[in-house]
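2 protein chains.
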Amino acid sequence: MTPLPRALHRELAAVLGDGWRVDPNERLAYAYDNSRRQALPDAVALPVERGQVVALVRACRAHRVPVIARGRGTNTTGAAVPVAGGVVVSFERMNRILAIRPGDRCAVVEPGVLNGELQAALEPHGLFWPPDPTSAGYSTVGGNLACNAGGPRAVKYGASRDNVLALGAVAGTGEPIRCGTATTKGATGYDLQRLLVGSEGTLALIVEATLRLTPLPPARRALRALYRDVAAAARAVARLMAQPVTPSMLEFMDATAVRLAREVGGADLPPEAGALLMIEADGDAQTLPHAVEALMRAAAGEGLVAIDDAADEAARERLWAARKALSPALRTLAPGKINEDVVVPVSRIPELVDGVQALAREFALPIVCFGHAGNGNLHVNLLFDPADAGQGARAEAALARVFALALALGGTLSGEHGIGLAKRAFLPQAIDPPTLALMRAVKAAFDPDGILNPGKLLPD
Amino acid sequence: MTPLPRALHRELAAVLGDGWRVDPNERLAYAYDNSRRQALPDAVALPVERGQVVALVRACRAHRVPVIARGRGTNTTGAAVPVAGGVVVSFERMNRILAIRPGDRCAVVEPGVLNGELQAALEPHGLFWPPDPTSAGYSTVGGNLACNAGGPRAVKYGASRDNVLALGAVAGTGEPIRCGTATTKGATGYDLQRLLVGSEGTLALIVEATLRLTPLPPARRALRALYRDVAAAARAVARLMAQPVTPSMLEFMDATAVRLAREVGGADLPPEAGALLMIEADGDAQTLPHAVEALMRAAAGEGLVAIDDAADEAARERLWAARKALSPALRTLAPGKINEDVVVPVSRIPELVDGVQALAREFALPIVCFGHAGNGNLHVNLLFDPADAGQGARAEAALARVFALALALGGTLSGEHGIGLAKRAFLPQAIDPPTLALMRAVKAAFDPDGILNPGKLLPD
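Residue numbers (the working numbering), protein chains in the order written: chain U, 2 to 461; chain B, 2 to 461.
No lab work stands behind these hints, which were simulated from the structure alone.
Quick reminder that beta carbons are idealized off the backbone N, C-alpha and C, glycines included.
A few of these clues could be false.
Unchecked claim - With a cut-off of at most 27 angstroms between alpha-carbon atoms, the simulated DSS-like pairs for lysine-lysine come out as follows:
id	chain 1	residue 1	chain 2	residue 2
1	U	K444	U	K338
2	B	K338	B	K325
3	B	K157	B	K325
4	U	K325	U	K338
5	U	K444	B	K444
6	B	K325	U	K157
What the hints assert, rightly or not - Footprint (simulated), chain B over chain U, 3 or more residues, beta carbon under 8 angstroms:
id	region
7	188-201
8	235-247
9	414-426
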């Protein structure tokens, strides 16, 4: 039934009871994530409490069997795929919101709570948790933390790492640890909780999270600004980020994306628009009009083609339509898509976009850039036909050049998707040998036998 | 001249040239910090560049000689005191601002730059670096990072850890490392840069920092709200923090502090005021009045005695006078002061203040609480006469109870001062054994021979 050592299987079946699965058909459901990669785990554990996780990690450590934490498998890098076999620990049953404490602006949750469920529970308290990945409706808080998920709101409110106060976790040693406190300040020992965020399950399994919450702004308003070219839009981004009203979203589309939205998606955009910014402000009824004015002033400048202000929620939806038309439009160009999320300093966005378009020409593949401009975090979409081996190879070759370009511009490989399997071969280009050696030493401190999510994040 | 091994002395004299000091009188100047503790280093190094720091750490490691990083010695915990001898590395000559990049909202600095110098250089660009410890005029950025310094602005803009993008450092192995990138988002490997912040020189020596900057709000306005008692003020703090206009400062004074400011400092405060909040908003001319209104609404409520709004900078200074009268007034009460900076969840502030006043009665010592209420980070000042051994012993005993109280309320030992020597004996009460063991393992990964700032932060 399972390739696991029989003693381990028996031990874990006793620990997990109904939450221990070895049937191959059930295991298959935990073999994949949104990276299109797949590898069958030897077993699946569905713990309901921390003690089971401790017992499981200890038992697996004794047998040197891999342990792979899993939220809902929405990540795009293969970080949840059990490439070395072992036990997938799915946190779907540890999905309780343990406390919401509005006076302390924090919530305590188990890792399997869906991001969207949490937001719904927080809304009556006038609070929210800032990370808003596209997957928010069906990705877990634990997964968001493991990958340091971001989203459009990160430009104002930060990504997952910026919104965690404390974590309970089980290290690769099998020891339960508690890092941080439910306070917004702390200078008491090493900050292990932020180190765990983004570590993709390679250091510890998160079993409880105390999250930093933010008051929900009662209102928001969107602007759509069209620019002649990317350089003009990028200058506007720098102006927008240099004045005191930080936009709550600042999304970018390059010329190809604008053309696609217009020609394929049917968006109402003038042909002279070579770049688009979606800009949002949030606040209360009194301050919001002034915030919108400040953003409009900053958005204006040389190369601005048009700017539209959405007075109400319906108008906001219309303005966002161009952005939302983009993803379906991309699919009409080619069946295959590599979506990477490199990040560069904001001032280098024009060079990134220009460089990517040069690569599109060199490799004869459409490449479309859009994303979170206020953080310099662009989604670079390489489009190709997977049935055409030549195109696939060209896409891979172009991708390597995209990473090299982002690094040359002082940026890095990933802003919010993480490394996983997909980008680990590139990590030595982003991180120098002594720093990489230190990351390995840190990994060994948390997980001396290397049982946690082997084959991910750090290259061999 | 120096107790160092002769070979090491010769090697480091060659590496550092004029920046190598072994004269006992010169060494004495680097023996202390603001903790009133003192220990003579065996030598002082004043490097001018990273290569010297690498050579120094490698040489000291070969001889197992301690290396103690030092900014300007303003910290209050003894973290910069060379209790185990060795080489103090003062960064006073690595004090260049290497780059200010307004378009990327970042600055690159050497660790010896003074916080105040940096702010002055940023101001013409309309930017600032948020950490604002009281020592800002004469403390260094490197020291601020090493201790995770905060200050009143942290309530809106975060402490040092929240405002760093990348660090260059030299680990205890002698290896130069580079962690993070000059981007506000990153999901590329382990977040070692935030781990280094607050590690008090026990993991690595910071030799370069890329700092996250924030646009300087053009205007600010202060409110002073007086409450009947601490409970009423604390409820107001919770209301203030639960609405969308985050105050740029939210400072608290307890009844003893208010009475002192009035009776000794001559501040104009009514006798029925049992607690005081200083509330500031910042923004531009358009949004600021609305922000102030929102804060006034939130500050109002049961137990409010009076609220004053400073229309201009002169009025602002008058409102702050009560707070500023406090420190000199404290000195009139007793010559000795232990100032600790525990932190608790905001909702537990009343229990902390009540508990501290019960300890003041039990130990027959004045204890005055004030500080950064929006973060729950209160400065608890125990006043005593050091010439009176009984008072000194009572103050120490009361201090231990203050820490126990903060921990029992779900808080921790320090919000912004750090652990250093002063609080390391208490660390096992704040951090459980497996987590402390993991911190030691992380320390060993960075500093396998334990040469960096021995005797600090982690207990033996």
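Hint by hint, here is what the structure shows:
1. U/K444 to U/K338: This hinted pair is violated, its Cα atoms lying about 32 angstroms apart.
2. B/K338 to B/K325: holds, 17 angstroms
3. B/K157 to B/K325: Given pair B/K157, B/K325 holds - Cα atoms ~21 angstroms apart, limit 27 angstroms.
4. U/K325 to U/K338: holds, 17 angstroms
5. U/K444 to B/K444: holds, 12 angstroms
6. B/K325 to U/K157: Measuring from Cα to Cα gives roughly 33 angstroms; hence the hint is violated.
7. 188-201: holds (count 11)
8. 235-247: With 7 residues close enough to chain B, the hint holds.
9. 414-426: Since three or more residues must qualify, the claim that chain B covers the region 414-426 of chain U holds, with 8 doing so at under 8 angstroms.
Hints 1 and 6 from the list above are not met by this structure, while the remaining hints are.
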